[in-house]
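Peer 1: In case you want the letters, here they are:
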Amino acid sequence: MDEKNREILRVLESDSRIGHKDLATMLNLSTHDIATRIAGMEKSGTIRKYTAVIDWKKAGDDGVTAVVEVKVSPESEFGYDRIADRVARFPEVKSLRLVTGSYDLQLIVCGRTMQEVSEFVSGQIASLESIRETVTHIVMKTYKEYGCELQRSEGVERLPYSF
Amino acid sequence: MAVSYREVKGSNVSPIVSERGRNHPQKSFVSERAEMIPPSGIRKFFDLLLTMNDVISLGVGEPDFNTPWNVSVAGIDSIERGATAYTSNKGLEELRDLVSSYLISRYGTSYDPQNEIIITGGVSEGLDLAVRTVVDPGDEVLVADPCYVSYSPCVMLAGGIPVPLPCPAEDEFRVTPDALMERITKKTKLVMLNFPNNPTGGVMKRGDLEAIADIIVDHDLLLLSDEIYSELTYEGRHVSPASLDSLWERTITLNGFSKAYSMTGWRVGYFCAPPEITSAALKIHQYVMLCAPTMSQFAAIEALKHAEDSKDRMVAEFRMRRNLFVAGLNRIGLPCHLPKGAFYAFPSIESTGLSDEEFAERLLIEKQVAVAPGSAFGPSGIGHIRCAYAVSREDLGEAVKRIGEFIESI
Ligand SMILES: Cc1ncc(COP(=O)(O)O)c(C=O)c1O
Chain A
1 MDEKNREILR VLESDSRIGH KDLATMLNLS THDIATRIAG MEKSGTIRKY TAVIDWKKAG
61 DDGVTAVVEV KVSPESEFGY DRIADRVARF PEVKSLRLVT GSYDLQLIVC GRTMQEVSEF
121 VSGQIASLES IRETVTHIVM KTYKEYGCEL QRSEGVERLP YSF
Chain B
1001 MAVSYREVKG SNVSPIVSER GRNHPQKSFV SERAEMIPPS GIRKFFDLLL TMNDVISLGV
1061 GEPDFNTPWN VSVAGIDSIE RGATAYTSNK GLEELRDLVS SYLISRYGTS YDPQNEIIIT
1121 GGVSEGLDLA VRTVVDPGDE VLVADPCYVS YSPCVMLAGG IPVPLPCPAE DEFRVTPDAL
1181 MERITKKTKL VMLNFPNNPT GGVMKRGDLE AIADIIVDHD LLLLSDEIYS ELTYEGRHVS
1241 PASLDSLWER TITLNGFSKA YSMTGWRVGY FCAPPEITSA ALKIHQYVML CAPTMSQFAA
1301 IEALKHAEDS KDRMVAEFRM RRNLFVAGLN RIGLPCHLPK GAFYAFPSIE STGLSDEEFA
1361 ERLLIEKQVA VAPGSAFGPS GIGHIRCAYA VSREDLGEAV KRIGEFIESI
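Protein chains in written order, with my numbering: chain A, 1 to 163; chain B, 1001 to 1410.
Treat the hints loosely; a few may be bogus.
[Stated by the list, open to error] No farther apart than 30 Å at their CA atoms in a straight line, the calculated lysine-lysine pairs in the DSS-like style are these:
id: 1; chain 1: B; residue 1: Lys1311; chain 2: A; residue 2: Lys144
id: 2; chain 1: A; residue 1: Lys144; chain 2: A; residue 2: Lys94
id: 3; chain 1: B; residue 1: Lys1205; chain 2: A; residue 2: Lys4
id: 4; chain 1: B; residue 1: Lys1283; chain 2: A; residue 2: Lys49
id: 5; chain 1: B; residue 1: Lys1205; chain 2: B; residue 2: Lys1305
id: 6; chain 1: B; residue 1: Lys1305; chain 2: A; residue 2: Lys21
id: 7; chain 1: B; residue 1: Lys1311; chain 2: B; residue 2: Lys1187
id: 8; chain 1: A; residue 1: Lys21; chain 2: B; residue 2: Lys1044
id: 9; chain 1: B; residue 1: Lys1311; chain 2: A; residue 2: Lys4
id: 10; chain 1: A; residue 1: Lys94; chain 2: A; residue 2: Lys43
id: 11; chain 1: B; residue 1: Lys1283; chain 2: B; residue 2: Lys1186
id: 12; chain 1: A; residue 1: Lys144; chain 2: B; residue 2: Lys1367
id: 13; chain 1: A; residue 1: Lys4; chain 2: B; residue 2: Lys1367
Hints were generated in silico from the structure; no laboratory data involved.
If we strip away everything but chain A, and leave its shape as in the complex, we get:
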């Protein structure tokens, strides 16, 4: 990937609402060039989605989020991929990763209540054939999400004027 595309991605990652015109000025490219590059990266799946980072607690939502550690017996032919694919299809699973260490898959699971989350994990995940063990951690407080510190207002305190 060329450096200009990388720069476009870095800007979009920090502000996906930025207009093509501003982006073009900032990166010293033509608006047409920006549009073509972005379209190309959308088509290839490099850019997957434009989204917002939301503090759901602020929105008054009292839903429950859990980090779920899962131990899996890999299948001889597919390794972890087939089981991961099945887990990923549940909309309750917000993210899913294969990790090194004492367990294999790490899930972020969201639900309305603790009970809903625990029923989902025991009923839909733990019962899958190659899953050996699950450990569920209920999230108590989120401090940082997608690079945003949620408990602290960002920015620096400065004098309004200085030379």
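Fit chain B with the ligand to the known structure of chain A by using the hints.
Peer 2: Same frame as chain A, but now just chain B with the ligand:
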């Protein structure tokens, strides 16, 4: 025998006790030297701004980024360890070693950490230190114009005579050989430069420096180069005057951590010069400053070791903001050079028919956008405003919109 002034015959001190009583001083104790320093050119704006809401301030001369967290942690660690005593006058040896390696690898300027580098309380101290080390009463000092506000006062406090060296917009805010030649007299001793420049964002490329180097050598002048914005160079790499062989022996290089690593409040920088000048400067530094803040020196070590990525991200962000902001200014009819360094745009506001002071004051009152009037930075700044793009892109967009509306309304 001690006598009170009232008993001194022929004294021209008035014996009259003022209405405020005999304990009240009968004269001003403020020295003539302190008296001659003019008051700050932005005090008025500062006071005005504090009474207002919803102000976007483009008047701030420091980055809007936090100090990289690992750097702050190094400062915190030094406090926790109890490493809070004085360091040697020159500064921590490890820091001087790192500064030396950084300068040679980054700019090709070679300074021996043992006797050619002093860690200072920011470039601010470095400027005062340099001037007092080399300027005698009556010496003329050529000061890049426009420039940072402390230059002329420092020269005046040392008894020198500041002489503006114009770097106007039509010269792309650089020093030209002609401008330099025109102002050199028998009394000229020192030339104070600052590139990338505050307030213009101008830079001097290698060719520009070579063009003035011969003049400096021929007239046996000394150069003081304030390179606090060296990392904020957006096209090519910063060229340090001391990297020119002909200039090393007659250059004092000042730099620091304030701008490159968002460390303005830590107060740490460095002074580099040939050994004779450095040892003279050390005599002043040891009595006036003793040493730079110890915890800040530890933080600075971390900055030089492990903050390259943070710095690069900040520079990339400033470059993008610069492009966005300057395009915006030109679009709304304020002609502005694309600044090649620092984080300031310096557009001309002459087309509006207002003076830069009027423009800044009315813009603040009518549209709540704060900028600094160019005349505060020297005579060549007249007719310009300094806009620091050290605010979020969102605020920059809003500021351009408001400035545009203001111009329409004049
Ligand atoms: C040109 C110039 N020199 C020096 C300084 C002060 O730097 P320091 O924080 O290292 O004292 C500034 C700060 O705005 C500046 O613009």
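Peer 1: Under the criterion that the straight-line Cα-Cα distance not exceed 30 Å, is the pair Lys1305 of chain B, Lys21 of chain A satisfied?
Peer 2: Violated, at about 38 Å.
Peer 1: With a cut-off of 30 Å on the C-alpha distance, tell me whether Lys94 of chain A and Lys43 of chain A pass.
Peer 2: holds (23 Å)
Peer 1: Does Lys1186 of chain B sit within 30 Å of Lys1283 of chain B, going by the straight-line distance between their CA atoms?
Peer 2: holds (28 Å)
Peer 1: Straight-line Cα separation of Lys1205 of chain B and Lys4 of chain A no greater than 30 Å?
Peer 2: With a Cα-Cα distance of about 25 Å, the restraint between Lys1205 of chain B and Lys4 of chain A holds, given a limit of 30 Å.
Peer 1: Can you confirm whether the C-alpha distance between Lys1205 of chain B and Lys1305 of chain B stays at or below 30 Å?
Peer 2: Holds, at about 27 Å.
Peer 1: Would you check the hint for Lys1311 of chain B and Lys144 of chain A, treating anything up to 30 Å between C-alpha atoms as holding?
Peer 2: Satisfied, since the Cα-Cα distance of roughly 22 Å is no more than 30 Å.
Peer 1: Would you mind confirming whether the straight-line C-alpha gap from Lys1283 of chain B to Lys49 of chain A stays at or under 30 Å?
Peer 2: violated (62 Å)
Peer 1: Just to be careful, I want the Cα atoms of Lys144 of chain A and Lys1367 of chain B compared with a cutoff of 30 Å; is the pair within it?
Peer 2: violated (35 Å)
Peer 1: Against the 30 Å threshold, does the CA-CA distance of Lys1311 of chain B and Lys4 of chain A hold or violate the hint?
Peer 2: holds (19 Å)
Peer 1: Does the structure keep Lys21 of chain A and Lys1044 of chain B at a Cα separation of 30 Å or less?
Peer 2: violated (38 Å)
Peer 1: Decide if the proposed pair is consistent with the structure: Lys144 of chain A and Lys94 of chain A, CA atoms, cutoff 30 Å inclusive.
Peer 2: Holds, at roughly 16 Å.
Peer 1: Would the hint linking Lys4 of chain A and Lys1367 of chain B be met if the CA-CA limit is 30 Å?
Peer 2: violated (36 Å)
Violated hints, listed in ascending order, are 4, 6, 7, 8, 12, 13; each of the other numbered hints is respected by the structure.
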